[in-house]
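Chemist: The residues making up each chain are set out below.
Protein chains: 4
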Amino acid sequence: MSVPKEKLVDVQSRADGRRIPIDKVGIKGVRYPIVVKDRARGEQHTVGEFNMYVDLPHRIKGTHMSRFIEVLERHRLKVSLRTFKDICHEMREILHADVAHLEIAFPYFVSKKAPVSAAEGLMSYRCRIEGKLENGTLDMIVGVTVPVQTLCPCSKELAEVSAHTQRGEVRVDFRFQGFVWIEDVIELVESCASSPVYSLLHRDDEEHLTERAFAHPAFVEDVVREVARKMGDHSAVTWFRVDVENFESIHNHSAYACIERDQRGGMKDKG
Amino acid sequence: MSVPKEKLVDVQSRADGRRIPIDKVGIKGVRYPIVVKDRARGEQHTVGEFNMYVDLPHRIKGTHMSRFIEVLERHRLKVSLRTFKDICHEMREILHADVAHLEIAFPYFVSKKAPVSAAEGLMSYRCRIEGKLENGTLDMIVGVTVPVQTLCPCSKELAEVSAHTQRGEVRVDFRFQGFVWIEDVIELVESCASSPVYSLLHRDDEEHLTERAFAHPAFVEDVVREVARKMGDHSAVTWFRVDVENFESIHNHSAYACIERDQRGGMKDKG
Amino acid sequence: MSVPKEKLVDVQSRADGRRIPIDKVGIKGVRYPIVVKDRARGEQHTVGEFNMYVDLPHRIKGTHMSRFIEVLERHRLKVSLRTFKDICHEMREILHADVAHLEIAFPYFVSKKAPVSAAEGLMSYRCRIEGKLENGTLDMIVGVTVPVQTLCPCSKELAEVSAHTQRGEVRVDFRFQGFVWIEDVIELVESCASSPVYSLLHRDDEEHLTERAFAHPAFVEDVVREVARKMGDHSAVTWFRVDVENFESIHNHSAYACIERDQRGGMKDKG
Amino acid sequence: MSVPKEKLVDVQSRADGRRIPIDKVGIKGVRYPIVVKDRARGEQHTVGEFNMYVDLPHRIKGTHMSRFIEVLERHRLKVSLRTFKDICHEMREILHADVAHLEIAFPYFVSKKAPVSAAEGLMSYRCRIEGKLENGTLDMIVGVTVPVQTLCPCSKELAEVSAHTQRGEVRVDFRFQGFVWIEDVIELVESCASSPVYSLLHRDDEEHLTERAFAHPAFVEDVVREVARKMGDHSAVTWFRVDVENFESIHNHSAYACIERDQRGGMKDKG
Numbered sequence: 001m002s003v004p005k006e007k008l009v010d011v012q013s014r015a016d017g018r019r020i021p022i023d024k025v026g027i028k029g030v031r032y033p034i035v036v037k038d039r040a041r042g043e044q045h046t047v048g049e050f051n052m053y054v055d056l057p058h059r060i061k062g063t064h065m066s067r068f069i070e071v072l073e074r075h076r077l078k079v080s081l082r083t084f085k086d087i088c089h090e091m092r093e094i095l096h097a098d099v100a101h102l103e104i105a106f107p108y109f110v111s112k113k114a115p116v117s118a119a120e121g122l123m124s125y126r127c128r129i130e131g132k133l134e135n136g137t138l139d140m141i142v143g144v145t146v147p148v149q150t151l152c153p154c155s156k157e158l159a160e161v162s163a164h165t166q167r168g169e170v171r172v173d174f175r176f177q178g179f180v181w182i183e184d185v186i187e188l189v190e191s192c193a194s195s196p197v198y199s200l201l202h203r204d205d206e207e208h209l210t211e212r213a214f215a216h217p218a219f220v221e222d223v224v225r226e227v228a229r230k231m232g233d234h235s236a237v238t239w240f241r242v243d244v245e246n247f248e249s250i251h252n253h254s255a256y257a258c259i260e261r262d263q264r265g266g267m268k269d270k271g
Numbered sequence: 001m002s003v004p005k006e007k008l009v010d011v012q013s014r015a016d017g018r019r020i021p022i023d024k025v026g027i028k029g030v031r032y033p034i035v036v037k038d039r040a041r042g043e044q045h046t047v048g049e050f051n052m053y054v055d056l057p058h059r060i061k062g063t064h065m066s067r068f069i070e071v072l073e074r075h076r077l078k079v080s081l082r083t084f085k086d087i088c089h090e091m092r093e094i095l096h097a098d099v100a101h102l103e104i105a106f107p108y109f110v111s112k113k114a115p116v117s118a119a120e121g122l123m124s125y126r127c128r129i130e131g132k133l134e135n136g137t138l139d140m141i142v143g144v145t146v147p148v149q150t151l152c153p154c155s156k157e158l159a160e161v162s163a164h165t166q167r168g169e170v171r172v173d174f175r176f177q178g179f180v181w182i183e184d185v186i187e188l189v190e191s192c193a194s195s196p197v198y199s200l201l202h203r204d205d206e207e208h209l210t211e212r213a214f215a216h217p218a219f220v221e222d223v224v225r226e227v228a229r230k231m232g233d234h235s236a237v238t239w240f241r242v243d244v245e246n247f248e249s250i251h252n253h254s255a256y257a258c259i260e261r262d263q264r265g266g267m268k269d270k271g
Numbered sequence: 001m002s003v004p005k006e007k008l009v010d011v012q013s014r015a016d017g018r019r020i021p022i023d024k025v026g027i028k029g030v031r032y033p034i035v036v037k038d039r040a041r042g043e044q045h046t047v048g049e050f051n052m053y054v055d056l057p058h059r060i061k062g063t064h065m066s067r068f069i070e071v072l073e074r075h076r077l078k079v080s081l082r083t084f085k086d087i088c089h090e091m092r093e094i095l096h097a098d099v100a101h102l103e104i105a106f107p108y109f110v111s112k113k114a115p116v117s118a119a120e121g122l123m124s125y126r127c128r129i130e131g132k133l134e135n136g137t138l139d140m141i142v143g144v145t146v147p148v149q150t151l152c153p154c155s156k157e158l159a160e161v162s163a164h165t166q167r168g169e170v171r172v173d174f175r176f177q178g179f180v181w182i183e184d185v186i187e188l189v190e191s192c193a194s195s196p197v198y199s200l201l202h203r204d205d206e207e208h209l210t211e212r213a214f215a216h217p218a219f220v221e222d223v224v225r226e227v228a229r230k231m232g233d234h235s236a237v238t239w240f241r242v243d244v245e246n247f248e249s250i251h252n253h254s255a256y257a258c259i260e261r262d263q264r265g266g267m268k269d270k271g
Numbered sequence: 001m002s003v004p005k006e007k008l009v010d011v012q013s014r015a016d017g018r019r020i021p022i023d024k025v026g027i028k029g030v031r032y033p034i035v036v037k038d039r040a041r042g043e044q045h046t047v048g049e050f051n052m053y054v055d056l057p058h059r060i061k062g063t064h065m066s067r068f069i070e071v072l073e074r075h076r077l078k079v080s081l082r083t084f085k086d087i088c089h090e091m092r093e094i095l096h097a098d099v100a101h102l103e104i105a106f107p108y109f110v111s112k113k114a115p116v117s118a119a120e121g122l123m124s125y126r127c128r129i130e131g132k133l134e135n136g137t138l139d140m141i142v143g144v145t146v147p148v149q150t151l152c153p154c155s156k157e158l159a160e161v162s163a164h165t166q167r168g169e170v171r172v173d174f175r176f177q178g179f180v181w182i183e184d185v186i187e188l189v190e191s192c193a194s195s196p197v198y199s200l201l202h203r204d205d206e207e208h209l210t211e212r213a214f215a216h217p218a219f220v221e222d223v224v225r226e227v228a229r230k231m232g233d234h235s236a237v238t239w240f241r242v243d244v245e246n247f248e249s250i251h252n253h254s255a256y257a258c259i260e261r262d263q264r265g266g267m268k269d270k271g
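Residue numbers (my numbering), protein chains in the order written: chain F, 1 to 271; chain S, 1 to 271; chain Y, 1 to 271; chain V, 1 to 271.
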């Protein structure tokens with residue numbers, strides 16, 4: 001079953017007469033092992049899920065999907081924040097496109113010491129990097145989802161003892177100038193909740209966290225405002241969106257709050 | 001493009017020479033609206049997700065997948081616990097099979113009054129029915145997942161004030177004789193946790209639940225044992241499995257416990 | 001444990017000094033049975049998943065989460081496209097907010113006849129309605145996800161026989177004036193793929209669909225352009241976004257394409 | 001806030017009077033980076049999701065959840081098939097248990113050459129290892145999910161041209177004696193489908209795969225039987241279960257088939 005070369009027609013490169021350009025076209029949901037920079041250890045191995053798109057002018061019928069994988073193959077195990085822009089550039093060139101879109105989602109591991117015993121355990125945080133390269137400029141958004149504990153201020157004031165707490169998730173997406181460590185954003189977020197969460201805790205740590213949470217009650221409204229305030233004060237952050245979702249322990253649904261701000265014009269007071 | 005009948009060969013009915021019978025073959029992930037019996041209102045509309053399988057003897061190449069949908073169509077909006085066995089019988093007959101397997105998963109809605117204000121709100125519970133019809137006997141398992149609040153006994157004793165709580169999920173699957181209301185199993189489970197959860201709560205309810213939980217601390221181990229004890233004492237229950245998963249508010253992982261018991265020989269003490 | 005009224009302090013209504021308004025605050029992931037309008041049968045029962053948010057001015061500490069459920073309770077089983085605006089209005093009023101956000105996701109069932117045998121089976125489509133009520137104006141987006149079959153044009157031209165096909169999903173979100181039936185959008189989308197998909201097909205239908213797909217090869221690029229062209233020609237549609245994802249049968253990842261257009265200024269040719 | 005040691009009561013170690021032993025208790029859903037053995041490169045970095053349980057005798061109130069994480073910490077980046085039994089032993093010892101259960105799910109990467117061009121791309125396969133250590137004996141099940149292409153034999157015979165194809169997933173779980181490479185099981189499965197799937201394919205590869213699939217039509221019934229036959233013939237395999245799910249390209253649901261066999265007594269012919 002030998003294949004004469006002339007037979008392998010390039011259907012994708014044919015003309016298209018509908019005069020409709022496509023905003024994004026490419027591949028979605030490709031898993032590849034990656035290595036990312038790590039504040040504590042230099043770098044860490046993890047697994048990324050990739051979406052890779054380019055724009056397509058109205059004249060051309062289709063893009064060449066295999067070339068996205070070829071770009072990924074060339075950067076196998078070398079994918080990182082540092083090579084992110086290079087990958088976008090290669091996508092644009094190899095696919096003769098004006099705009100390249102690259103999205104990578106990955107778990108990021110941070111070794112964390114328990115607050116009293118100092119016992120160490122790894123925490124995993126869901127992170128993502130989304131970028132759009134157009135006219136030589138890369139517009140990049142970094143995101144991280146941070147699990148926290150929240151203690152209900154209303155429950156605390158109402159009940160004679162105790163107060164209900166729950167796990168919450170704070171999702172922060174941001175644009176920045178210069179460099180920002182994911183670890184710094186995680187710590188910023190954790191300082192805004194009733195308490196951080198840990199993978200490894202001994203009894204003295206658990207006592208400490210219970211009392212810390214009781215001393216720092218916070219609605220989703222409080223957490224979203226505190227994170228917004230601190231992201232707004234961060235000199236490198238030019239835009240951010242904060243989502244807080246509390247997996248309420250007395251309900252079967254979530255409490256939710258969201259603030260999005262463009263920092264280039266300053267934090268606007270809409271109240 | 002008219003189709004002469006003789007052309008429509010029945011590939012599935014051909015012989016297969018590999019001498020390998022198939023345990024289950026059929027369709028998976030079909031959504032259909034259903035009506036189920038409801039203790040409070042007689043019946044309720046909801047949406048079911050269906051898996052339908054039969055066995056296939058070694059001699060035959062394939063089953064006729066479209067016939068499963070035909071059975072479903074005949075019972076459209078009449079699918080219920082009462083018609084469950086009829087559907088299994090029809091599957092077996094129309095597909096010339098020895099064994100029929102039917103699995104339905106659906107949200108089930110229960111109107112629940114808040115504990116102090118008596119304000120009413122709907123709760124949804126994930127339920128499932130799984131049955132196997134063989135030699136005229138239907139082996140049926142009913143399951144329900146009940147969200148609850150748990151308060152950590154360790155945290156309560158350690159801290160001077162308060163204790164961490166979280167949402168947990170109790171999954172109960174059971175075989176039974178006679179009839180069992182899903183509502184009864186939900187109430188049985190809720191009585192074993194630190195407190196039930198609700199969709200609608202006012203401030204006096206929230207105060208009540210906070211204090212109730214503080215008065216009833218429970219590890220996953222306590223919840224799974226209490227539910228096992230009460231399911232074991234239920235006269236209609238012949239087998240059960242209880243899974244408890246706590247979405248820990250001080251960790252980013254779950255605490256988990258499981259007990260499975262065959263009641264026909266009595267609860268065995270393995271300790 | 002009786003509760004004197006004066007004790008039930010309203011923590012949420014207190015002042016907040018951080019001067020940070022919140023864009024959205026409310027509840028997420030609440031399931032309720034709903035009844036929606038249906039072109040063929042007048043109406044149908046299904047199950048909705050609700051997100052309900054309002055804005056919160058900088059001066060106030062928190063919103064009153066229970067009021068969202070109260071609004072939902074008042075409309076139990078009467079939630080529909082027609083009452084959508086009423087629900088938004090009630091949310092705004094009862095929560096003293098400027099802006100109300102309502103999002104409902106639900107499976108929608110359509111009875112569909114097979115192309116040759118005319119055998120009927122129910123198809124379920126994932127739908128959603130998202131609205132924002134501000135200054136008396138409701139900005140509403142309706143969305144529907146339509147599964148289809150696509151046949152690869154490249155594979156068809158290369159191979160001497162056959163061509164690989166796969167299931168794809170077309171997600172259309174749109175703003176509109178007047179009224180648009182979801183059924184019409186489903187049919188519009190299905191006409192743009194290699195073939196529609198069905199729940200119930202007999203052999204003559206399967207033959208027909210196989211040949212139909214072979215006669216209508218389509219890349220994701222072709223499907224997204226055809227749907228964009230037809231949505232652009234629809235007189236009631238003022239904005240749309242079309243996503244096409246092919247679950248490639250020769251890969252373990254998806255092919256993807258997306259076009260978004262604001263119709264009020266006409267379809268722009270960016271090529 | 002110094003903590004006098006005597007205050008840190010060990011609630012978990014207290015007696016329990018309910019006389020109900022617990023089958024499994026522990027932690028669920030913990031993510032940790034792992035290194036696994038790899039036929040081609042010696043070893044590879046990936047990310048595992050862990051469930052770790054022990055049994056609990058009826059006399060004791062609770063297990064010590066933090067000890068599971070301590071075991072994991074000691075094996076950080078050294079978790080592998082080789083250390084699997086060691087981890088189970090440590091769990092049993094440190095928790096004074098009779099039985100230890102360990103479950104690890106992880107993506108496994110294999111570099112695969114396209115069939116004609118020999119272009120290389122990474123494929124990721126969802127794998128899992130589940131073990132139960134009791135009385136010094138480890139009962140271990142290894143599992144792998146392999147995506148494949150299937151071409152419908154019925155459609156091929158009915159239509160004058162072409163045939164519908166789709167992505168399918170074959171899930172194989174097995175017990176074994178000695179050693180089995182995951183890569184070997186993947187290749188065994190791929191040889192039973194209409195064609196394998198790849199991450200990187202050029203046009204000549206696509207032509208080849210299209211024609212290969214057309215020459216090897218296979219129902220889910222055919223795939224499940226072929227995989228069962230080859231697993232049954234594998235000298236190291238003592239038990240297996242094969243699930244095949246086809247994401248039908250002409251339906252919105254799956255076709256499914258399953259065979260489970262205990263090889264120690266030989267493959268039984270139930271037909």
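Don't take every hint at face value.
Taking lysine-lysine pairs in the DSS-like style, the calculated list, with each CA pair at most 30 Å apart, reads [claimed, not checked]:
hint, chain 1, residue 1, chain 2, residue 2
1, V, K132, V, K37
2, S, K78, S, K37
3, F, K230, F, K85
4, Y, K132, F, K230
5, Y, K132, S, K37
6, V, K78, F, K113
7, V, K85, V, K230
8, Y, K112, S, K112
Don't read these hints as lab results, they were simulated from the structure. All values derive from a computational prediction rather than experimental measurement.
Chemist: Run every hint past the structure and note whether it holds.
Modeler: Hint check results:
{"no.": "1", "hint": "V:K132 x V:K37", "verdict": "holds (21 Å)"}
{"no.": "2", "hint": "S:K78 x S:K37", "verdict": "holds (11 Å)"}
{"no.": "3", "hint": "F:K230 x F:K85", "verdict": "holds (28 Å)"}
{"no.": "4", "hint": "Y:K132 x F:K230", "verdict": "holds (28 Å)"}
{"no.": "5", "hint": "Y:K132 x S:K37", "verdict": "violated (37 Å)"}
{"no.": "6", "hint": "V:K78 x F:K113", "verdict": "holds (21 Å)"}
{"no.": "7", "hint": "V:K85 x V:K230", "verdict": "holds (28 Å)"}
{"no.": "8", "hint": "Y:K112 x S:K112", "verdict": "violated (37 Å)"}
Going down the numbered hints, you'll see the structure goes against 5 and 8, while the others check out.
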